[in-house]
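Sequences are here, hints too, so could you generate the full structure?
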Amino acid sequence: MNSHLNVMVGGEAGQGVQSVGFILAKAFARGGYHIFADQDYESRIRGGHNFYRVRVADSKIAAIAEAVDVLVALNKETIELHQKEVAAKGVIVFDNEKITDVAGIPSAFGVPLERLAVEQAGDKVMTNTVALGAALGLVRYDFAVSEQVLREYFKGGDISANNIKAARAGCKYVQENYHGDFDRFLSPISQVKRMLLNGNDAISLGAIAAGCKFVAAYPMTPTTSIMEYMAAKADEFGLAMVQAEDEISAINMAIGAGYAGVRAMTATSGSGFCLMTEGLGLAGITETPVVIVEGQRPGPAVGLPTRTEQGDLQFVLYAHQGDFPRAVLAPGTFEDCFWLTVKAFNLAEKYQLPVLVMTDHHLASSYGTIEKFDISKVAIERGLLVSDKEANDSAYKRHLITESGISPRAFPGQGKALVVTDADEHDEAGHLIEDADTRTRMMDKRLRKLTGLSKEISPPELYGSAETDTLLIGWGSTRGAIREATDILCQEGSSVSSLYLSELWPFPSGNIAGLLDKAKRSFVIESNATGQMSRLIRTETGKKTGTILKYDGRPFTPNEIVQAIKKEGR
Amino acid sequence: MNSHLNVMVGGEAGQGVQSVGFILAKAFARGGYHIFADQDYESRIRGGHNFYRVRVADSKIAAIAEAVDVLVALNKETIELHQKEVAAKGVIVFDNEKITDVAGIPSAFGVPLERLAVEQAGDKVMTNTVALGAALGLVRYDFAVSEQVLREYFKGGDISANNIKAARAGCKYVQENYHGDFDRFLSPISQVKRMLLNGNDAISLGAIAAGCKFVAAYPMTPTTSIMEYMAAKADEFGLAMVQAEDEISAINMAIGAGYAGVRAMTATSGSGFCLMTEGLGLAGITETPVVIVEGQRPGPAVGLPTRTEQGDLQFVLYAHQGDFPRAVLAPGTFEDCFWLTVKAFNLAEKYQLPVLVMTDHHLASSYGTIEKFDISKVAIERGLLVSDKEANDSAYKRHLITESGISPRAFPGQGKALVVTDADEHDEAGHLIEDADTRTRMMDKRLRKLTGLSKEISPPELYGSAETDTLLIGWGSTRGAIREATDILCQEGSSVSSLYLSELWPFPSGNIAGLLDKAKRSFVIESNATGQMSRLIRTETGKKTGTILKYDGRPFTPNEIVQAIKKEGR
Amino acid sequence: MATIADYAGIPIAWCPGCGNFGILNSVKRALVELGMEPHQILLVSGIGQAGKLPHYTKGNVFNSLHGRPLSPAIGAKIANPELKVIAISGDGDAYGEGGNHFLHTMRRNHDITYLVHDNQVYALTKGQASPTSDAGFVTKTTPYGAAPPVNPIALAIVSGATLVSRGYAGDIEHLAGLIKTSISHKGFSLLDILQPCVSFNHKNTYNWYRERVYKLENEAGYDPTNKALALAKAEEWGERIPTGVIYRQDRLTYDEQIPALKMGPLVKQKIDPGLAAKLLDELL
Amino acid sequence: MATIADYAGIPIAWCPGCGNFGILNSVKRALVELGMEPHQILLVSGIGQAGKLPHYTKGNVFNSLHGRPLSPAIGAKIANPELKVIAISGDGDAYGEGGNHFLHTMRRNHDITYLVHDNQVYALTKGQASPTSDAGFVTKTTPYGAAPPVNPIALAIVSGATLVSRGYAGDIEHLAGLIKTSISHKGFSLLDILQPCVSFNHKNTYNWYRERVYKLENEAGYDPTNKALALAKAEEWGERIPTGVIYRQDRLTYDEQIPALKMGPLVKQKIDPGLAAKLLDELL
Ligand SMILES: Cc1ncc(C[n+]2csc(CCOP(=O)(O)OP(=O)(O)O)c2C)c(N)n1
Ligand SMILES: Cc1ncc(C[n+]2csc(CCOP(=O)(O)OP(=O)(O)O)c2C)c(N)n1
Ligand code: SF4
Ligand code: SF4
Ligand SMILES: [Mg+2]
Ligand SMILES: [Mg+2]
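Residue numbers (the numbering used here), protein chains in the order written: chain A, 648 to 1217; chain B, 648 to 1217; chain C, 155 to 438; chain D, 155 to 438.
Check before you lean on any hint, since a few could be wrong.
Claimed, not checked - List of simulated lysine-lysine pairs, BS3-like, C-alpha gap at most 27 Å:
1) K294/C / K416/D
2) K880/B / K369/C
3) K280/D / K723/A
4) K1214/B / K1191/B
5) K1063/A / K294/C
6) K294/D / K369/C
7) K707/B / K381/D
8) K280/C / K880/B
9) K880/B / K432/D
10) K723/B / K357/C
11) K1191/B / K1191/A
12) K1063/A / K369/C
13) K424/D / K880/B
14) K1019/B / K294/C
15) K1019/A / K424/C
16) K432/D / K1019/B
17) K1092/B / K1191/A
18) K880/B / K1092/A
19) K432/D / K1024/B
20) K1063/B / K416/D
No wet-lab data here; the hints were simulated from the structure.
Here is the structure:
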């Protein structure tokens, strides 16, 4: 893996950090590069300190990296906070007419950002676009590609034109005035078109491809953009998106829609999921398919609303009273986000139960380039649906006890069959009961679904050899960082492999215990304070692992993992 | 243990099954007997089938038993459903003028219940009291004791007098007309006065003794009677009981009261606890003491509302996103209910965190006799409170980072110190923050409380020898049944011990792993479908145990456990 | 054509004499008189004595959580607007646990009929005060008397319900008529039904209600489209209690404003993953 | 005597020009003019831009969950009625997520002042429709326009709030007066404050509000104790928007009806386990 360039854009909320970062990413992607970009921002709309990191490479990357080649500093704080991260020959682009006291910083290269914006584009709001141009100039990137991206981003017209002028001015200024030893130049390398998207985009696309027809949700970081995406596409794709009054309502609406026969989902984060836990069990006992996207962020309670964590694993696995089957999937890549969302809808209907897709702020809001999904591979498996003819059978029983635990599913109004179900324990016909025998048989029936469901769960993915000294284990959004750390450590001569879980429940059978036995030592690397996956592995295999934990709200970098492993010695 | 008598009273809801059962229990208790009584009823107000079992012995008992000596059948269904449970020389008391087709049942002894009620007491509503008298007559119990209990129960006046007449008529009728070979006669054996109470009574008493000043709750079986008890005593004990609009509000009100400086609690069951999970984490991050009684019943969702289960263990342990400390206590006896509730309030304030008291329908609603609590042993430990003088310190920081993790606690309005806290991650002063360092330090601070807290948790209680073939493990309300099963198995010559957990989290260190290693085999006996405690033990010790599970909503009997163990062979 | 007999359900677990029987009979009668077949309707209920009603008649049934029937009702209605969706609650269910959904369902005007069995008490949990218990009502949880009640009729009027009525379980003829009107209404209709609970409410008994209820349709000049008049009527609770249609307004339902539904019920639309291809292109 | 300077808080993270600054300044001014000291007050807020207010001034602060400030406020007030309890919410907090608590807190008449920063949008989560967004308001979650709004003033009037007012963040003088009136009121007071959000609400701007708001106290003959009049005013939203005290009534607060509080604040009462002994005797 050859990491070509690392750009960081920093500034206050409201200064356009995100646009600059995204447009840079898009421009490089259009040139055939692979991108990974993440965002760091506060829970506020203006002010504070935000940054956006764009990593550019000529082969696939899936994590951020530390050393910054180009730091676009839209304010002074950015220089103060990040100058230490700038690489040897790196450059800090800043407005030398606004920030004047940075004399001692050799990497700093001043550009009159605001003045150029006013002079060339007529408005200082385009200061950030001038900075964008300056960055492009520094890396000597083909301006035509960026110009096209700017045009699309600003949707044509005067605004586009002015922004293009602003960017060009910044670019030109640097070309004419920069004479330092920066050497990370890039030019487009191919015409291959890859998608640039974030985790939430991929989940939304997965839901639409899977035929999701109903979404009810209540805004909450980091999943709000899923409901926004679905709302934007609702008309075109024949789906309904309801902004509910609260999360309780959201999940119950989705369950109602699922009962009525459409693929339905909701999306939330920890606090909202708390309020959905009762509905989760309602889906369990009524055997109603529903997909819940749970986007993790640092808890407890409101915690750090715009940051990342993987602290909800145990909660999601065990939420709600009593025992009932559920599935829990945890994508680790943008591809996973798409495919596991499709799978979630399939499992939900095949097994008639709630399926959780766990993501986190890092994965949800980071951008990356990936190949276009092969939509033709999306299979829709709706499970045991009764035919319209059978749906006229007056003896129909919604909760028929079967060997597989799965009862043929009719929809209300499909035919003359009545579809009866209940949050109380019920008989096969769906009516509430009190007797011990029916209760036990219904519990057994529902839990039997786990047998089939378990077979659907993919085993953990081993990267490297099973014969290894050190085994790194991860789940969810840390996948990219762990893989890259594995590569680095191997390159440095260590014997390291990694194991990655993306389908968490029913717990994948795979040979985890065997791998743990083989490895001399193993570490679960996860973004929480108590090692929740490590505990789960212990529960399921009886084996102990080491842990490398991080819970400051920031994502792991490959290098951090490498250092942590080295610190463990041996 | 000498089990002297087993009475079962059965009939429809509304026929007075519960009064008869309770009065019988009380009358025998007054005669110096030990009682254990449980209730089985449907989720309806009239009709259906209910029964009440009273077990009477001359030494301590803590579980129900199957063989029925006297079956008081207030309707025909009771005979049909329970005649098989009647012991060899047992008797079924029924109204032979109402139920006429029971010829083939030798144990049936008819009493004209309704007629006697009308003739002797002037109203057929006292039919049940006549039946009560008949039962007393059968066992030849001193009527004076029962008369006194009846007088108290019906609070004097005409109603008492008539009920006494009705009971006497039933008693007399049996004495004059019964000539069978029933031989389980009882007479008062001592003047010792024991309390007759149920688990909810004991929890309520514990809360009052511990100085709980604020309760907010929303009615839900099986904990409703806690809020009712607290409301009844509110005036006298200077406490406030608020019936909230929902459980979300209930827990948040209690947290507000806890923040303001009083001992506060709420009580609910699974579905209500779902709605409280968000508040749980609020208490966690704001470090607010609050006690939550979680009364389990069969789930998922509404499940079987008036029955019992232990299916919420994992949910309670892991509820809410992220990591934060909590304590979980699970009383197994009426004594535990009292003392662990007191402990819950102490731990909540000493460690400034939420404490859960897990009970279940069986424990909550079963009655038993126990010695009066020694109130003088109730210690109130409020933890690190600042003095009124310190509470004037304007530099006061509610979340001061300390070695123990515990910050000195002031109350708002106590002095000039401002008490600031936040559901967002915050600094020592309680104001919201965004930086990684403060976040990590605050997480560490809160989690450090676990060190002290762990030391407060009592180790599991071993009954019998550590050198055993078979180790039976239980938690919560199964304690009595497991102990008695242990005794029975030992008496039958097996090598059996049992281990009982009543303080569940932080998981008791004790030597569970060692005991598991020593025993040839071990079984966790629990009322749920997946063996949640068995999983927890596996998580904590790496060891596997067998399980004996029951999830039909009914409590374990000692005999069922004995049979299950025998079935396991060896 | 379905008959009353076709609407028979499983054995009933309510107390003899309970007002719920009157409601059940009225519901059946209304459905029969409207010529509806059981499979055309969806009964969504909460938890409580009221919530059991769907089991005691026939229809598609989703007996949901305490306080939550409106939310699944909304989801099902949007998924399949061809279903006649009737939600059923107790007063605790509707106005206590479910208060927030009540407000917002009305404001969005989902096309749902809401029958609330208002016995002014929590019956299934054995007699605690409910949000509609009269002020001062003494129960085990309110030994000093309940706080003043919510006013569901007034709430509905100010929250945008498009049909607001009150019925009385003791008058089946009248109640069945109101249920028919409510079911026939396009948009959200609240029908709050005074329901004697013979086991736990010894204040608001059959007699108590009978002495007070009167029919608005007999009141000359009452115009349910006049909001101010309706709000005044909503305040009336004491010597006289109005029943009948109290308020009515016309506005678009939520469903009518969902473009996706123009193509027919969502549940009848084919799933075609291929359609999503163009979304991928947008990201290139 | 505390001064405005004594009420300075931590650095403010709101957008320049936000209506919240006007509210913050009004709050400080009201507290100073009432002669209150920071330690005498308890500010309980929810989550949202509004919910940050307590950090930007001084007082005891319990910054709670989204939608939930009223509940901890109630608990704290009952535990210690000597505290002046002010709850602070956004419109989403108060009328969306927290709608049910809003209803029931009013009906029970807890002695709490409720300041709702009503910017008609979910600001902290970046601009979705809120329960008070004007009908048709287009956001990313409501591309076809928001449903008709709740009417918090009308809801408060019919739900038993004892003081109901509307303020405008652009008029600090007037707003500070309303805050003073609300804090001085015994019982539950709602003060819904029109608050321009310069980042996400480009419809209901300073200009928009300024052109519409007028003061009820200047309207001859307006009597806030007349419920029918108040309800009519509550309907007024368009060309003219009334501000000031819209409704007022007198009734006992919840605290006043708790016998335990007759002995003084619960938080000041000693804990004596021995007192429980007699309860044990009852069970013998
Ligand atoms: C979340 C939750 N909280 C509490 C309960 C317990 N519960 C069941 S029914 C009920 C109240 C019933 O009152 P209402 O809705 O008026 O119905 P009724 O029985 O009077 O018809 C309660 C509190 C529950 N099932 N779920
Ligand atoms: C249970 C829960 N759901 C959702 C959120 C996310 N959230 C935070 S603030 C907010 C809405 C803010 O709107 P409003 O209350 O009007 O306050 P404003 O920011 O406009 O002042 C939401 C939905 C949350 N924190 N908790
Ligand atoms: S308890 Fe009341 S509401 Fe319930 S069935 Fe009996 S009478 Fe009816
Ligand atoms: S987003 Fe709106 S409400 Fe929030 S601070 Fe900015 S202007 Fe104010
Ligand atoms: Mg009711
Ligand atoms: Mg807002």
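Query raised in the report: Given the proposed pairing of K880/B with K369/C, does the C-alpha separation stay at or below 27 Å?
Result: violated (44 Å)
Query raised in the report: Would the pair K723/B and K357/C pass a check requiring their Cα atoms to be no farther apart than 27 Å?
Result: Distance of about 34 Å is beyond 27 Å: violated.
Report task. Please work out if K880/B and K1092/A have their alpha carbons no farther apart than 27 Å. Result -> violated (46 Å)
Query raised in the report: Given the proposed pairing of K1191/B with K1191/A, does the C-alpha separation stay at or below 27 Å?
Result: holds (14 Å)
Requested in this report: Take a quick look at whether K294/D and K369/C sit within 27 Å of each other, Cα to Cα.
Outcome: violated (46 Å)
Requested in this report: Would you check the hint for K1019/A and K424/C, treating anything up to 27 Å between C-alpha atoms as holding?
Outcome: holds (24 Å)
Query raised in the report: Is the Cα-Cα distance between K432/D and K1024/B 27 Å or less?
Result: It holds: about 15 Å lies between the C-alpha atoms, which stays within 27 Å.
**Report entry** Restraint status (C-alpha distance of K880/B to K432/D at most 27 Å)
**Finding:** Measuring from Cα to Cα gives roughly 11 Å; hence the hint holds.
Query raised in the report: Would the pair K424/D and K880/B pass a check requiring their Cα atoms to be no farther apart than 27 Å?
Result: Distance of about 17 Å is within 27 Å: holds.
Requested in this report: For the pair supplied as a hint, K432/D and K1019/B, confirm whether the alpha-carbon distance does not exceed 27 Å.
Outcome: Roughly 11 Å between the alpha carbons, so the hint for K432/D and K1019/B holds.
Query raised in the report: Holds or violated: are the alpha carbons of K280/C and K880/B at most 27 Å from each other?
Result: Cα-Cα ~19 Å, so holds.
Query raised in the report: Is the hinted pair K294/C and K416/D satisfied, with a Cα-Cα distance of at most 27 Å?
Result: Holds, at about 21 Å.
Hint check: violations occur at hints 2, 5, 6, 7, 10, 12, 18; the rest are consistent with the structure.
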